[in-house]
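Enquirer: Two chains, two separate frames, one set of hints: put the complex together.
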Amino acid sequence: MTATSIAQIERQRETVGGARGGRRSRRLRPHGLPWILPALVLCVGLIYYCIAYTAVISTWNWDGIDPDPERVGLGNYLRISKDPIFWKTIGHTVAFFVVTFVIQTALGLFFAVLLHSRVRLAVVYKVLLFIPVVLAPAIMAPVFRRIFAPDGQFNWLLEHIGLGSLTQPWIGQESTALPVIMAITVWQWTGLTFVLYFAAMGQIDQSVIEAARIDGAANSSILRHVIWPGVRGTTLAMAILSAIGALKTFDVPYLVTGGGPNYATEFLGTYIYRKTITQSHVGYGAALSIILLVLALVMALILQIRGGEKEIR
Amino acid sequence: MFEVRSLRGRILLQMLITLMVLPFLFPLVAMVQGSLAGDGWANYAAVLAVPGLWRFFVNTVIIAAGVIALVYTVTMLAAYGFGKLHLRGREVYFWLLLACLTLPEVVLLTPLYTTAQTLGFFDTYLAVILPLAALQVPFAVLLTRTFIQGIPDELFEAARVDGGNAIRGFIHLVIPLTRPIAAAILIFTLIAAWNNYLMPLVFLQSTEMQTITLVPQFFVGQFSNDQTKILASAVLTAIPEIVAYLCLQRMFERGLAAGAIK
Numbered sequence: 006m007t008a009t010s011i012a013q014i015e016r017q018r019e020t021v022g023g024a025r026g027g028r029r030s031r032r033l034r035p036h037g038l039p040w041i042l043p044a045l046v047l048c049v050g051l052i053y054y055c056i057a058y059t060a061v062i063s064t065w066n067w068d069g070i071d072p073d074p075e076r077v078g079l080g081n082y083l084r085i086s087k088d089p090i091f092w093k094t095i096g097h098t099v100a101f102f103v104v105t106f107v108i109q110t111a112l113g114l115f116f117a118v119l120l121h122s123r124v125r126l127a128v129v130y131k132v133l134l135f136i137p138v139v140l141a142p143a144i145m146a147p148v149f150r151r152i153f154a155p156d157g158q159f160n161w162l163l164e165h166i167g168l169g170s171l172t173q174p175w176i177g178q179e180s181t182a183l184p185v186i187m188a189i190t191v192w193q194w195t196g197l198t199f200v201l202y203f204a205a206m207g208q209i210d211q212s213v214i215e216a217a218r219i220d221g222a223a224n225s226s227i228l229r230h231v232i233w234p235g236v237r238g239t240t241l242a243m244a245i246l247s248a249i250g251a252l253k254t255f256d257v258p259y260l261v262t263g264g265g266p267n268y269a270t271e272f273l274g275t276y277i278y279r280k281t282i283t284q285s286h287v288g289y290g291a292a293l294s295i296i297l298l299v300l301a302l303v304m305a306l307i308l309q310i311r312g313g314e315k316e317i318r
Numbered sequence: 201m202f203e204v205r206s207l208r209g210r211i212l213l214q215m216l217i218t219l220m221v222l223p224f225l226f227p228l229v230a231m232v233q234g235s236l237a238g239d240g241w242a243n244y245a246a247v248l249a250v251p252g253l254w255r256f257f258v259n260t261v262i263i264a265a266g267v268i269a270l271v272y273t274v275t276m277l278a279a280y281g282f283g284k285l286h287l288r289g290r291e292v293y294f295w296l297l298l299a300c301l302t303l304p305e306v307v308l309l310t311p312l313y314t315t316a317q318t319l320g321f322f323d324t325y326l327a328v329i330l331p332l333a334a335l336q337v338p339f340a341v342l343l344t345r346t347f348i349q350g351i352p353d354e355l356f357e358a359a360r361v362d363g364g365n366a367i368r369g370f371i372h373l374v375i376p377l378t379r380p381i382a383a384a385i386l387i388f389t390l391i392a393a394w395n396n397y398l399m400p401l402v403f404l405q406s407t408e409m410q411t412i413t414l415v416p417q418f419f420v421g422q423f424s425n426d427q428t429k430i431l432a433s434a435v436l437t438a439i440p441e442i443v444a445y446l447c448l449q450r451m452f453e454r455g456l457a458a459g460a461i462k
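Those protein sequence lines, which keep their order, are chains S and B. With the working numbering applied, the first sequence corresponds to residues 6 to 318, in that order. With the working numbering applied, the second sequence corresponds to residues 201 to 462, in that order.
None of these hints come from the bench; they were simulated from the model. Any given hint could turn out to be false.
[Claimed, not checked] Negatives, chain S to chain B, calculated, CB over 12 Å: (1) 35; (2) 43; (3) 73; (4) 77; (5) 86; (6) 89; (7) 93; (8) 107; (9) 122; (10) 154; (11) 178; (12) 256; (13) 266; (14) 267; (15) 309.
[To be verified] Simulated DEER-style distance windows between Cβ atoms: (16) S:83 with B:258: 26 to 36 Å; (17) B:376 with S:211: 46 to 56 Å; (18) B:251 with S:111: 40 to 50 Å; (19) S:310 with B:216: 34 to 44 Å; (20) S:39 with B:233: 53 to 63 Å; (21) B:376 with S:233: 46 to 56 Å; (22) S:127 with B:443: 36 to 46 Å; (23) B:212 with S:100: 26 to 36 Å; (24) B:252 with S:177: 25 to 35 Å; (25) B:250 with S:303: 39 to 49 Å.
Beta carbons are placed, not taken as given, at the ideal position from N, Cα and C, and that holds for glycine.
So that you can see chain B by itself, here it is in the shape it has in the complex (with noise of 0.2 Å):
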């Protein structure tokens, strides 16, 4: 975007941005250095050493892809069917959809709390998938509908005239071509259902059942407020997080790329 011819500009320029970056850093190094105080590297033994460690890990990961599975099968359907299949009062099915968007999720609070409690769901895993999902779903439909709108109506045209029905063209046309805006929503229900706090906070209360959202409050228990070992957790539960984007990152900037958002 901006020019900068002379060596001392680009210098200048450099050292500007690398300036402004560091307050982003700083957070990072004091989480780690936090971490390391008292005891050193102890402090990560003391906390690998707590039995159950894994059940958040394992708890979060079968969470998180059961609110993938269910947002993009259910986005892909109904984007197809919004963006290219004949739909009558199309705007006001849309704009039920996307009213939820504005939806604040404390507001499902009591009426979840209760209704999982009369149906038996409360501290199981659907009791958080569904909800989660639920908040998701609509702004992955906005994402997606957009995009598949921008596939020429011509390939669905031919699809049809070859003999194909809907599911064909689903499958052989919605389905492959979307990949890139599904990476975007992937990665963003990825870091919605890893990151919540709320929903497993209220609707899963067994240690056993528990999220890693939960694990920074487990260990206040546990090591009776001890900091250095709370900051270990929170570098031991931040690192699948660092990593995890680190290698969709390239996919992600592909989906963004791809005109998912203007």
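Bound-form chain S, shown alone (with noise of 0.2 Å):
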């Protein structure tokens, strides 16, 4: 990689972010408030109503039918602090958003740039890759719950590969709960980053490859400095999904595990139905949402500011 081809591309970031930056004449253009207004009332009408009620209700002491539940100020918070499950929880979407990240992003580069590198029946492997995106969790759930289970394809292919010592059942027991909701998830989001990641290198200028070729650069060193840096934009969009996509994980731990064995699979999202609709301690699962919206909104916020710096930089 030369450094003429380097400055070719910060060249090109340059003038991308120039012509969008472009903002004239302003005075002439009509009002824009009444063509946002749907949205915000939908948007922020409905939704920051839903968090403002849902944090005065996380100051109750409330089973949800109570006419004149008990004010605890922020008794909840205090009690969610010394609750262990609640740890249990951040501490399993911590290790999912790492673990599942990681490996979409290097599958999704990996499949990325091999279908890019005119592989024979491309679209068959992109349709392929595509479909679990498409598929509801909730209807995966009964088939992912049939082969993991003790008897179950999973089991039945490990023993025809000579695998047979593997065995075990896998959605039963605390240790291996967990790495088979993440592998759910890996399943299925994969095809989605692979999808993103596809588009953004075929924006990568085809002829800064060519010039690295021709100074001799080798496959790796061509992913390492052109592509790794091209699709860096969708590397931090992909990063922040995820978190958040972590921090909402529903579905497939309440549907293949019902967050079990023994809390083993037991995410923020599970718990707070749990203690909501299961357990109705209405009050208690609401302050447990607000910390629960506080963390997702940090960690965006936290994510983009990063990005920023780097852009910069």
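Expert: Right under this line is the structure:
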């Protein structure tokens, strides 16, 4: 990779940024407020109303029915800070995010690069990778429960490829239940990561790659110095989406493992559901919801700011 | 991207990618194989014979169509306002909207539940359509605003000089020019609305209102945990999704290539 081609990429980035920033003759423009009003009413109205409502409920000790709930102030939050299951869900969320994000990024890049390399039947691979994205987790949950059952197809497969010693009740024991949830998530979302990387790679200037190749750069160094920096924006967007996705995780653990065994796959989402709906500790569930919301916002801000810093550097 | 010149290299590459895709295919094969175990095709016949299966599909279609219509209208209007019109405090409004992107839907449960019951929305399509649309709009606006900003200002100015107002600009420029990004939004919204589980689970209690994501649970009750029939129902509900994706696949890729996400 030569200095010239790096400078070339930098210049390209600048022109793209410059074109977007151009704004002029603002006073001639009609007012935009009426145009954004429907969206504001729907989103801000509905969502912020719900957040405010949840914040109020979070200071009650409420079962969801009692017309005169007891006001406990920050009592619910204090109880949460001492709740071992809450801390367990935080640990699961962090582990889940790190593992699924790293594997999805690696696989997504791998498939995107290979399918840009004149592989035959590329459409078939693309479709196969993306089908899991369109299938509802709720529909696939019974399938995965079946596959990972003690007499399921996964153990059957292990036995038939000579790994019979590894067969175990994957969902039923604490040590493997969380990895199963992670595997299902990777199965489901790798297709999206791949498609986004594939689109981003299509926008990398082919002439830069050609230039690097003429200079004798190997495939691996093109990947490191041209492709990886070229898709940085996508990687960052995927990091934010996966972090928020990890915090939101609900369908798969709720339907495949029910949060168990012994809370081994409990996530904030399933814990809130368990507290609010199953156990009718609505106030406690609301406090958990507010914590979840704050975590999601902080996570998005951190990733956004860190991403912005790197862009400037 | 990569250049592999030798025939051996290309065969190796092909084998490598085939091997890596197999795990993604495995659950689908296991699903079909499991659904044919025991009684074979009779499993499908038994599932299809259950009265009211159609209801689930019809409900899902109604809800998805409602969410898409609402998201599309509201997003196009807002993205035009954000992208090309004069708006004081633009960034404040935009961040108000974007903060909603981080919102986990469980947070909405209790307030929506009590509100829907007070307003009489409970167990109606609206109780699911409104929150689903509200959760989709921020992302859709984010994508569309960036796209509309990329349309040259000169086009809008020319329209104004010709005596057109903002509404004409919207109808004659925004709507036709945003078609590629609209395709991407259509598909993201369709997937989100079609696949949502939590909202119908909580807000649609009566069986004749429920959606296809609740089908497996419905069949657990119907067939007292006969796994093969539950898997057959999963295959039957998965087929329309796969067909819809295959039909829209071209459009979707064009939408992404149009610079939807960078």
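Enquirer: If a hint holds in the structure, say so; if it doesn't, say that too.
Expert: Each hint, compared with the structure:
Remark: the non-interface label on residue 35 (chain S) conflicts with the geometry, its nearest Cβ contact in chain B lying 4 Å away (cut-off 12 Å). Listed as outside the interface, residue 43 (chain S) is inconsistent with that label: its C-beta sits roughly 5 Å from the nearest C-beta of chain B, within the 12 Å cut-off. Consistency note on residue 73 (chain S): stated as away from chain B, and its beta-carbon is indeed over 12 Å from all of that chain's, at 15 Å minimum. No beta-carbon of chain B comes within 12 Å of the beta-carbon of residue 77 (chain S); the shortest separation is about 16 Å.
With a closest Cβ-Cβ approach of about 19 Å to chain B, residue 86 (chain S) is found to remain outside the 12 Å limit, as its non-interface label requires. No beta-carbon of chain B is positioned within 12 Å of the beta-carbon of residue 89 (chain S); the least distance is around 21 Å. The claim that residue 93 (chain S) is not at the interface with chain B holds, since no C-beta of that chain comes within 12 Å of its own (minimum 17 Å). The beta carbon of residue 107 (chain S) sits about 16 Å from the closest Cβ of chain B, which is more than 12 Å, so the claim that it is off the interface holds.
The beta carbon of residue 122 (chain S) sits about 4 Å from the closest Cβ of chain B, which is not more than 12 Å, so the claim that it is off the interface is violated. Some Cβ of chain B comes within 12 Å of the Cβ of residue 154 (chain S); the nearest lies about 9 Å off, and the non-interface call is violated. With a minimum CB-CB distance of about 20 Å to chain B, residue 178 (chain S) clears the 12 Å threshold, and the non-interface call stands. For residue 256 (chain S), the shortest C-beta to C-beta distance to chain B comes to about 5 Å, within the 12 Å cut-off, and the non-interface label is violated.
Non-interface status of residue 266 (chain S) relative to chain B is upheld: no Cβ of that chain comes within 12 Å, the nearest being about 19 Å off. With a least beta-carbon separation of about 22 Å from chain B, residue 267 (chain S) lies farther than 12 Å from that chain, consistent with its non-interface assignment. Chain B draws residue 309 (chain S) into its interface by the beta-carbon criterion, the shortest separation being 10 Å against a cut-off of 12 Å. The given range of 26 to 36 Å is broken by residue 83 (chain S) and residue 258 (chain B), whose C-beta atoms sit roughly 48 Å from each other.
For the hinted restraint 46 to 56 Å between residue 376 (chain B) and residue 211 (chain S), the CB-CB distance of approximately 30 Å leaves it violated. Taking the beta carbon of each, residue 251 (chain B) and residue 111 (chain S) are about 48 Å apart, inside 40 to 50 Å as hinted. With their beta carbons about 38 Å apart, residue 310 (chain S) and residue 216 (chain B) fall inside the hinted range of 34 to 44 Å. About 56 Å separates the C-beta atoms of residue 39 (chain S) and residue 233 (chain B), a value consistent with the hinted range of 53 to 63 Å.
The beta-carbon spacing between residue 376 (chain B) and residue 233 (chain S), approximately 37 Å, falls outside the hinted interval of 46 to 56 Å. For the hinted restraint 36 to 46 Å between residue 127 (chain S) and residue 443 (chain B), the CB-CB distance of approximately 21 Å leaves it violated. The hinted range of 26 to 36 Å is satisfied by residue 212 (chain B) and residue 100 (chain S), whose Cβ atoms lie roughly 35 Å apart. Between residue 252 (chain B) and residue 177 (chain S) the beta carbons are some 33 Å apart, a value that agrees with the proposed interval 25 to 35 Å.
A beta carbon spacing of about 47 Å between residue 250 (chain B) and residue 303 (chain S) agrees with the range 39 to 49 Å that was offered as a hint.
Consistency with the previously given hints fails for numbers 1, 2, 9, 10, 12, 15, 16, 17, 21, 22, ordered from lowest to highest.
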